[in-house]
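Chemist: As they're listed, the protein sequences go chains A and B. For the first sequence, the numbering used here gives the first residue as 1, with consecutive numbering after it. For the second sequence, the numbering used here gives the first residue as 1, with consecutive numbering after it.
By construction, these hints were calculated from the structure, which means they are not laboratory data. All residues carry an ideal CB built from backbone N, CA and C; glycine is no exception. Hints are supplied without guarantee of correctness; some may be wrong.
To spell it out: a stretch of chain A is covered by chain B in this simulated footprint if at least three of its residues, at any positions, have a beta carbon under 8 angstroms from a beta carbon of chain B; those stretches are [to be verified]:
no.: 1; region: 79 to 89
no.: 2; region: 92 to 101
Residues from chain B shown here face chain A by an in silico Cβ test under 8 angstroms; the list is partial [to be verified]:
no.: 3; residue: 29
no.: 4; residue: 233
no.: 5; residue: 243
In silico DMTMM-like links for lysine to aspartate or glutamate, alpha-carbon gap of 25 angstroms or less [what the hints assert, rightly or not]:
no.: 6; chain 1: B; residue 1: 47; chain 2: A; residue 2: 133
no.: 7; chain 1: A; residue 1: 157; chain 2: A; residue 2: 87
no.: 8; chain 1: A; residue 1: 70; chain 2: A; residue 2: 87
no.: 9; chain 1: B; residue 1: 169; chain 2: B; residue 2: 97
no.: 10; chain 1: B; residue 1: 31; chain 2: A; residue 2: 74
no.: 11; chain 1: A; residue 1: 157; chain 2: A; residue 2: 175
no.: 12; chain 1: A; residue 1: 70; chain 2: A; residue 2: 20
no.: 13; chain 1: A; residue 1: 53; chain 2: A; residue 2: 65
no.: 14; chain 1: B; residue 1: 25; chain 2: A; residue 2: 123
no.: 15; chain 1: B; residue 1: 31; chain 2: A; residue 2: 133
no.: 16; chain 1: B; residue 1: 25; chain 2: A; residue 2: 133
no.: 17; chain 1: B; residue 1: 25; chain 2: A; residue 2: 113
no.: 18; chain 1: A; residue 1: 70; chain 2: A; residue 2: 12
no.: 19; chain 1: A; residue 1: 110; chain 2: A; residue 2: 87
no.: 20; chain 1: B; residue 1: 31; chain 2: A; residue 2: 112
no.: 21; chain 1: B; residue 1: 110; chain 2: B; residue 2: 94
no.: 22; chain 1: B; residue 1: 275; chain 2: B; residue 2: 160
no.: 23; chain 1: A; residue 1: 157; chain 2: A; residue 2: 204
no.: 24; chain 1: A; residue 1: 211; chain 2: A; residue 2: 74
no.: 25; chain 1: A; residue 1: 157; chain 2: A; residue 2: 65
no.: 26; chain 1: A; residue 1: 60; chain 2: A; residue 2: 5
no.: 27; chain 1: B; residue 1: 25; chain 2: A; residue 2: 112
no.: 28; chain 1: A; residue 1: 70; chain 2: A; residue 2: 10
no.: 29; chain 1: A; residue 1: 53; chain 2: A; residue 2: 217
no.: 30; chain 1: A; residue 1: 70; chain 2: A; residue 2: 5
no.: 31; chain 1: B; residue 1: 31; chain 2: A; residue 2: 113
no.: 32; chain 1: B; residue 1: 115; chain 2: B; residue 2: 99
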Amino acid sequence: MIQFENVSLEYDPGRFAVRDVSFRIPSGAFTFLTGHSGAGKSSLLQLIARLVKPTAGSIKVGGIDFSNLKARHEPALRQQMGLVFQDNQLLYDRNVFDNIALPLVIGGYKYDDIKKRVSAALDRVGLAHKALDGPLSLSGGEQQRVGIARAVVARPKLLLADEPTGNLDADISADIMKLLMQFNSSGVTVLVATHDSGLLNNFDFPKLTIKQGRLVDVHPGTRQGSAARSRQAYTE
Amino acid sequence: MQKKVASRAAKPVNASARKGSAAGKQWTYGKRGYALAQSLRQFTQRKFSSLVTLAVLGITLALPALFLFSAQAVQQLASQNIDDESLTLYLRLEIADLDGAALAQTLLGKPGIQKTRFISRDEALATFQAKTDIGNALEALGDNPLPAAIVVYPVKQQADATAIKRLSKQLLALPQVQRVQYDLRWVQRLQAAVRLIQSVGWILAGFLTLTALLVIGNTIRLELLRRQPELDVAKLLGAGTSFLHRPLLYTGALYGFLGGLVGSSLAMYAFSKIKTPADQLSHLYSSTFQLQMPSASQFLTFLVVATVLGWLGAFITLYSPSRKLISPRRTGM
Numbered sequence: 001m002i003q004f005e006n007v008s009l010e011y012d013p014g015r016f017a018v019r020d021v022s023f024r025i026p027s028g029a030f031t032f033l034t035g036h037s038g039a040g041k042s043s044l045l046q047l048i049a050r051l052v053k054p055t056a057g058s059i060k061v062g063g064i065d066f067s068n069l070k071a072r073h074e075p076a077l078r079q080q081m082g083l084v085f086q087d088n089q090l091l092y093d094r095n096v097f098d099n100i101a102l103p104l105v106i107g108g109y110k111y112d113d114i115k116k117r118v119s120a121a122l123d124r125v126g127l128a129h130k131a132l133d134g135p136l137s138l139s140g141g142e143q144q145r146v147g148i149a150r151a152v153v154a155r156p157k158l159l160l161a162d163e164p165t166g167n168l169d170a171d172i173s174a175d176i177m178k179l180l181m182q183f184n185s186s187g188v189t190v191l192v193a194t195h196d197s198g199l200l201n202n203f204d205f206p207k208l209t210i211k212q213g214r215l216v217d218v219h220p221g222t223r224q225g226s227a228a229r230s231r232q233a234y235t236e
Numbered sequence: 001m002q003k004k005v006a007s008r009a010a011k012p013v014n015a016s017a018r019k020g021s022a023a024g025k026q027w028t029y030g031k032r033g034y035a036l037a038q039s040l041r042q043f044t045q046r047k048f049s050s051l052v053t054l055a056v057l058g059i060t061l062a063l064p065a066l067f068l069f070s071a072q073a074v075q076q077l078a079s080q081n082i083d084d085e086s087l088t089l090y091l092r093l094e095i096a097d098l099d100g101a102a103l104a105q106t107l108l109g110k111p112g113i114q115k116t117r118f119i120s121r122d123e124a125l126a127t128f129q130a131k132t133d134i135g136n137a138l139e140a141l142g143d144n145p146l147p148a149a150i151v152v153y154p155v156k157q158q159a160d161a162t163a164i165k166r167l168s169k170q171l172l173a174l175p176q177v178q179r180v181q182y183d184l185r186w187v188q189r190l191q192a193a194v195r196l197i198q199s200v201g202w203i204l205a206g207f208l209t210l211t212a213l214l215v216i217g218n219t220i221r222l223e224l225l226r227r228q229p230e231l232d233v234a235k236l237l238g239a240g241t242s243f244l245h246r247p248l249l250y251t252g253a254l255y256g257f258l259g260g261l262v263g264s265s266l267a268m269y270a271f272s273k274i275k276t277p278a279d280q281l282s283h284l285y286s287s288t289f290q291l292q293m294p295s296a297s298q299f300l301t302f303l304v305v306a307t308v309l310g311w312l313g314a315f316i317t318l319y320s321p322s323r324k325l326i327s328p329r330r331t332g333m
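Full structure from sequences and hints, please.
Modeler: Spelled out as structure tokens, the structure:
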């Protein structure tokens, strides 16, 4: 699903956000990307979402080689991914329904389809009764669930989450994790960047550990299927 | 930071506003409908600043509208047919009255001449004596020194300066004619003044149109900055350039259209105010010129031009080299 080969991202000469990183994440896997703040987790997610381009190496996502990807095709690529952010990035000038509908409007979905999909996504995150509310009237956990609903509403094959539980307490973080796992169980590849040790300890999924931009450890985890459990699957 | 910006710009949606259906109006979920809804929302959310911008645009566009609406009328004035415009042909002294009268009759059949009037030498002398104090002095000369004359009235439709000049040349070529006199100076002055006013007017209209373009461009620039969080999020969700820019292009077009509506309304008001004095002035010059209120097609043309202008102002802002300074940059991760 995701393949990095000797990827580097150098913002200024000698200042690397990501340095010579190689790994593979199999399709359908649930993977943590971990490391301290500033280790390069977000930069790595940005590289996968094609929000920045690597200064060296090659990236393949879903069989698409980024080195051959033209700028005009980047939006279509991003539509196939779901992005979840620490600060949820909701739009406060519209209600929950319209926030979740945005990726579908961008994707050119029909009105009836939008209604069905948004309602389904709201059901799955348990916020069907909040569809008409503004995001500011929701709690932090609810806002994050709206963010997740928005990320999955177009049924992406890949879900990237950047510190999705960063501002939430342990119970709500566990709820968010359960939601992400639900989507993973339906075949979505999930990559969660986090430095939340509680989360990492409680959910023993494969982990890629980044330090100063370098991949320093690959932990296979115990909660994935045989394909993902193998350390080899992540490194070959 | 983004959260703060968005919170400042937005108001929470009132849940009771849309009871019964979670989804909004169907048309707002299409790509173009969404863009239009976002543009309209900009007007409703910031009523005062939108009204001020529209007032500035309306006043700026009022003068170009006035010139567009009056273009036809002013053109008519510039090539105005002057009623009772005439040429006087002074005949050679040796031409007898009968021959002169016959020539006047002959000229009547020529193209471009509406009527002629023959003035014999005796009639000329009598008129001269009646109208001047030196009439008796002519008697002292013994012989009547005044020539016979034919007053030629051109056809009204051909009585512009160029046609009269051409006709006078033709008449001067006649062997019986000693001299042709016509006074087009005031007509020429009027036409020159009208042309000057036209030129100055169009230049001013050009400048004001450019001003309108800049006002719209600046408004779009501010709108782009204000909507930065939304654009950033949309970009992260896979929106392409056209999706990101379309609401702003629509906003520009809407500003142009509404500014055009205000501008043309102001121009119509100005028209109604100057129509009476303009018609009175025209009457004093025996002119057929009348200031006509703009037609529906002129009105629509102006609105279309103003709308395109608004769209163009937005387009230039979005696609100018400086757009990189204001286009979405945040990655959100």
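Chemist: So, for every hint listed, does it hold in this structure?
Modeler: Structure-based check of each hint:
no.: 1; hint: 79 to 89; verdict: holds (count 7)
no.: 2; hint: 92 to 101; verdict: holds (count 7)
no.: 3; hint: 29; verdict: holds (5 angstroms)
no.: 4; hint: 233; verdict: holds (5 angstroms)
no.: 5; hint: 243; verdict: holds (6 angstroms)
no.: 6; hint: B:47 / A:133; verdict: holds (24 angstroms)
no.: 7; hint: A:157 / A:87; verdict: holds (22 angstroms)
no.: 8; hint: A:70 / A:87; verdict: violated (30 angstroms)
no.: 9; hint: B:169 / B:97; verdict: holds (23 angstroms)
no.: 10; hint: B:31 / A:74; verdict: holds (18 angstroms)
no.: 11; hint: A:157 / A:175; verdict: holds (21 angstroms)
no.: 12; hint: A:70 / A:20; verdict: holds (23 angstroms)
no.: 13; hint: A:53 / A:65; verdict: holds (12 angstroms)
no.: 14; hint: B:25 / A:123; verdict: holds (21 angstroms)
no.: 15; hint: B:31 / A:133; verdict: holds (23 angstroms)
no.: 16; hint: B:25 / A:133; verdict: holds (17 angstroms)
no.: 17; hint: B:25 / A:113; verdict: holds (14 angstroms)
no.: 18; hint: A:70 / A:12; verdict: holds (24 angstroms)
no.: 19; hint: A:110 / A:87; verdict: violated (29 angstroms)
no.: 20; hint: B:31 / A:112; verdict: holds (14 angstroms)
no.: 21; hint: B:110 / B:94; verdict: holds (24 angstroms)
no.: 22; hint: B:275 / B:160; verdict: holds (24 angstroms)
no.: 23; hint: A:157 / A:204; verdict: holds (22 angstroms)
no.: 24; hint: A:211 / A:74; verdict: violated (28 angstroms)
no.: 25; hint: A:157 / A:65; verdict: holds (16 angstroms)
no.: 26; hint: A:60 / A:5; verdict: holds (9 angstroms)
no.: 27; hint: B:25 / A:112; verdict: holds (12 angstroms)
no.: 28; hint: A:70 / A:10; verdict: holds (21 angstroms)
no.: 29; hint: A:53 / A:217; verdict: holds (24 angstroms)
no.: 30; hint: A:70 / A:5; verdict: holds (20 angstroms)
no.: 31; hint: B:31 / A:113; verdict: holds (14 angstroms)
no.: 32; hint: B:115 / B:99; verdict: holds (17 angstroms)
Of the numbered hints given earlier, the model fails hints 8, 19, 24; all others are met.
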